[in-house]
Structure formats: C-alpha cells, structure tokens
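Engineer: The lines below spell out each chain.
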Amino acid sequence: KAGVTQTPRYLIKTRGQQVTLSCSPISGHRSVSWYQQTPGQGLQFLFEYFSETQRNKGNFPGRFSGRQFSNSRSEMNVSTLELGDSALYLCASSLEMGAGDTQYFGPGTRLTVL
Amino acid sequence: AQSVTQPDIHITVSEGASLELRCNYSYGATPYLFWYVQSPGQGLQLLLKYFSGDTLVQGIKGFEAEFKRSQSSFNLRKPSVHWSDAAEYFCAVGRNTGFQKLVFGTGTRLLVSP
Chain Z
1 KAGVTQTPRY LIKTRGQQVT LSCSPISGHR SVSWYQQTPG QGLQFLFEYF SETQRNKGNF
61 PGRFSGRQFS NSRSEMNVST LELGDSALYL CASSLEMGAG DTQYFGPGTR LTVL
Chain D
1001 AQSVTQPDIH ITVSEGASLE LRCNYSYGAT PYLFWYVQSP GQGLQLLLKY FSGDTLVQGI
1061 KGFEAEFKRS QSSFNLRKPS VHWSDAAEYF CAVGRNTGFQ KLVFGTGTRL LVSP
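Sequence lines, in order, name chains Z and D. Read the first sequence against my numbering and you will find it ends at 114, with the numbers running on by one and no gaps. Read the second sequence against my numbering and you will find it ends at 1114, with the numbers running on by one and no gaps.
So that you can see chain D by itself, here it is in the shape it has in the complex (with noise of 0.2 Å):
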C-alpha cells in the first residue's frame, strides 16, 4: 500500500525567502506524484505532478518539484515566497495501474512573515 509522509506539520518562512517543503513517499513501483494546496475554507488545488521523465517538474505560481528515487522524495520548493503562498500543501501519491485513489500526506501549513 502506498503511504505518504510530509515530517513538517508548520514552516514560517519570510517574504521573499526560499521554501522548500518535503515529501516522503512508500510505493512499491514508480509512483505517481501531486502536490496540492489548500486555502482556508477551499477545495485542493493541483500545483504539479510528476508522473515519469524529466524528474524536475515545474508547476503554476513558480512552484517546482523534484523526484528523487533514491531517497523516495517528492519536496516542493519555490525560489521567493509570496503572502499569498499561505495556505496548507498536501503532497499525494497514486498508483501507476488501476483505480485512481490518492494517498495523502497530513499536509504542510505554511506561515509567510512580512
């Protein structure tokens, strides 16, 4: 079964700084990887996926993610943080046949300080 580990329950982080949010992930294959956010009292938000190839995926709102097998990591980064950047992120891993259930991480809420 696949599982998903995000260690960070919160990061403050200052605006204009680098983000980097982690993302363990459990599968026995090649796994499909999503990063979502969440605003408060909204739906998910897909940010990026990686499904095979280039391991450095680029997402919307200058969000990136890279996949490294080795370490069975998925983390989000993204060069200068915004205020709007607030929100809680869900990294999520689906299986490469079958049915379409997504497993998630507990989510990463992030705090930008001015």
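Chain Z extracted, bound-state conformation (with noise of 0.2 Å):
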C-alpha cells in the first residue's frame, strides 16, 4: 500500500505570494491532518479534516486555510507569504478521526519564502 504522498517536496516563493500544498492520503484513510515544522517552533498543528470538514484548527493565522476533496486528498493554502512561513510542511493521515487512531506521516514540503 502506498504511503502520505505530498506534492510538490520543494517550493521556492517570495513575500507577498500565496502556495497550495497538495496531500494525498494512505488509500482508505479518511483523516488527513497538517503540521508545521521549523527549527525555531518545532512540530506544530496547522489542522486537521475529516469527511471534506475542517474538525480541529491549531494556533495559525487566518493565512493558512486548507480543504478536504471527496476523495480525502487535503490541500493547504498559505496567503500573502511572510518569511516565518519557512518551513517544513508535514501532512499525516490516518484511517479514521478517533482518538489515538495511529497518523503515517509524508515525507512533507519544503517551502522557502525569499
């Protein structure tokens, strides 16, 4: 079975601009959740969807937006970039929206803001 797959891995942009990260799920998991990494802050909750519904929102600025397809691909947008949004983008899914339902992680995007 094939993994989190997320596209593209590596993103060059300048301030101002907007990105969309695409992510696709383990087949047959419904769960897709999105986490920021960075040197500074670490790993940190973006947000987390469930049948097309964004169900649980971390501590991020209205800039960062995502959506869920019918088909559980998740997509991440990130508007009006700043230089802080740098980063390592890690996308997880995971069967179901339980508690402790395991989360398999992609190998992530790499998104650099000049």
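These are computed hints drawn from the structure, not numbers from a lab. Where hints are given, some of them may not hold.
Said to hold, decoys possible - Computed cross-link-like contacts, SDA-like style, restricted to lysine to any residue with a CA-CA straight-line distance of at most 25 Å:
| no. | chain 1 | residue 1 | chain 2 | residue 2 |
| --- | --- | --- | --- | --- |
| 1 | D | Lys1049 | Z | Phe50 |
| 2 | D | Lys1061 | Z | Pro107 |
| 3 | Z | Lys57 | D | Phe1051 |
| 4 | Z | Lys1 | Z | Glu75 |
| 5 | D | Lys1061 | Z | Thr5 |
| 6 | D | Lys1061 | Z | Thr102 |
| 7 | D | Lys1049 | D | Glu1066 |
| 8 | Z | Lys1 | D | Lys1061 |
| 9 | D | Lys1049 | Z | Tyr104 |
| 10 | Z | Lys1 | D | Phe1063 |
| 11 | Z | Lys57 | D | Ala1029 |
| 12 | Z | Lys57 | D | Ser1026 |
| 13 | D | Lys1049 | Z | Thr102 |
| 14 | Z | Lys13 | Z | Thr80 |
Hints in hand, dock the two standalone chains.
Structural biologist: And the structure:
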C-alpha cells in the first residue's frame, strides 16, 4: 500500500505570494492532518480534516487555510507569504478521526520564502 | 492541554551501546503516546505507540518504550545502537478523546559514533 504522498517536495516563493500544497493520504484513510515544522518552533499542528470538514485547528493566522476533497485528498493554502512561513509542511493521514488513531506522515513539502 | 518534554537535545552513543531517550508528558488523563523518527530531509516514521494495556511496548527496528504513569514518562530504549539509527527522535502525546491533534516534544538528535 502506498504511503502518504505530498507534492511538490520543494517550493521557493517570495514574500506576498500565495502557495498551495497537496497531500494524498494512504488509500482508505479518511482523516488528514497538517503540521508545520521549523527549527525554532518545532512541530506544530495546523489543522485536521475529516469528511471534507475541518474538525480542529491550531493556533495559526487566517492566512493558513485548507480543504479536503471527497476522495480524502487535501490541500493547504498559505496566502500573503511571510519569511517566517519558511518551513517543512508535513501531512499525516489516519483511518478515522478517533482519538489515538495512528497518524502516518508523508515526506513533507519544504517551503522557502525569500 | 497536553505537553511533552524531551530534555536531551543531542545524545551521542557509540555503535553497539545501549540507548535511552527520555520523554515526559503532561496530560490530565491517560494519554496516547508515540515515538517517531525523522531522518534528514524525510518525514516522520512511527516507531511505536502506547494506547493501553502492557506498559512495555515493542516497536520496529528493535526499539521499545516503557510507559510509567507515576513518572509521566515514556522513555525509548534500544539495547544495541546501529549507525543507521542516527536521526532525530520525537515523542508525541495525543488526547484520549476527540480530535487527532498530536503535541510533539522538541526532539532529540541521536549521533552514533564508530
């Protein structure tokens, strides 16, 4: 079974632009979560989607948004990019949304904002 | 709210020696606990998880972890380290109800010396 895939793997953008990252979960998984990883803040939860609905959101500004499609694939969008948005963005999928359901991570998208 | 502390930022171990990585958590109820490993430029790979039952949990690659409720700890161990174990290790805690959000520790970077 294929793992979680994320595209693109690397992105370079300039301040003020917007970006869209994509995540395809493991086949059969219905929940997708997004995390931001930076050297300074570590791994931080962005949001979780289940059945095309955002179920939980971390403490990030409204510039960060996402969505989930009927096939469980998910996208996240960051508008008006800032230098501090440079990070590794990780997507994780799990079978359901239940507590303790194991999350499997993709390889991440490395975003660099210049 | 949950929190996780990994007190060791870096650890150096000789190849063939034993390893113990420390993890302390804060959560008001019995948590779900995880250890993930991240190699450079890669996503997170699940090593093992604890939900309930036996407090000694076996994982992949010869790792094990022990849940100690009285010490709020979930330390990761390996009896004999291989050079390929050099990576960053993250402990994470999840809630036992509701949403999927994982709270991660700051990570411990393991260096393996010959």
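Engineer: Each hint should be assessed against the structure and marked as holding or not.
Structural biologist: Outcome of the hint check:
1. D/Lys1049 <-> Z/Phe50: holds (22 Å)
2. D/Lys1061 <-> Z/Pro107: holds (19 Å)
3. Z/Lys57 <-> D/Phe1051: holds (24 Å)
4. Z/Lys1 <-> Z/Glu75: holds (21 Å)
5. D/Lys1061 <-> Z/Thr5: Judged against 25 Å, a Cα distance of about 23 Å means the pair holds.
6. D/Lys1061 <-> Z/Thr102: Holds, at roughly 18 Å.
7. D/Lys1049 <-> D/Glu1066: Within the cut-off at roughly 10 Å; holds.
8. Z/Lys1 <-> D/Lys1061: holds (20 Å)
9. D/Lys1049 <-> Z/Tyr104: Holds: D/Lys1049 and Z/Tyr104 sit about 12 Å apart, inside 25 Å.
10. Z/Lys1 <-> D/Phe1063: It holds: about 24 Å lies between the C-alpha atoms, which stays within 25 Å.
11. Z/Lys57 <-> D/Ala1029: holds (22 Å)
12. Z/Lys57 <-> D/Ser1026: holds (21 Å)
13. D/Lys1049 <-> Z/Thr102: holds (8 Å)
14. Z/Lys13 <-> Z/Thr80: It holds: about 10 Å lies between the C-alpha atoms, which stays within 25 Å.
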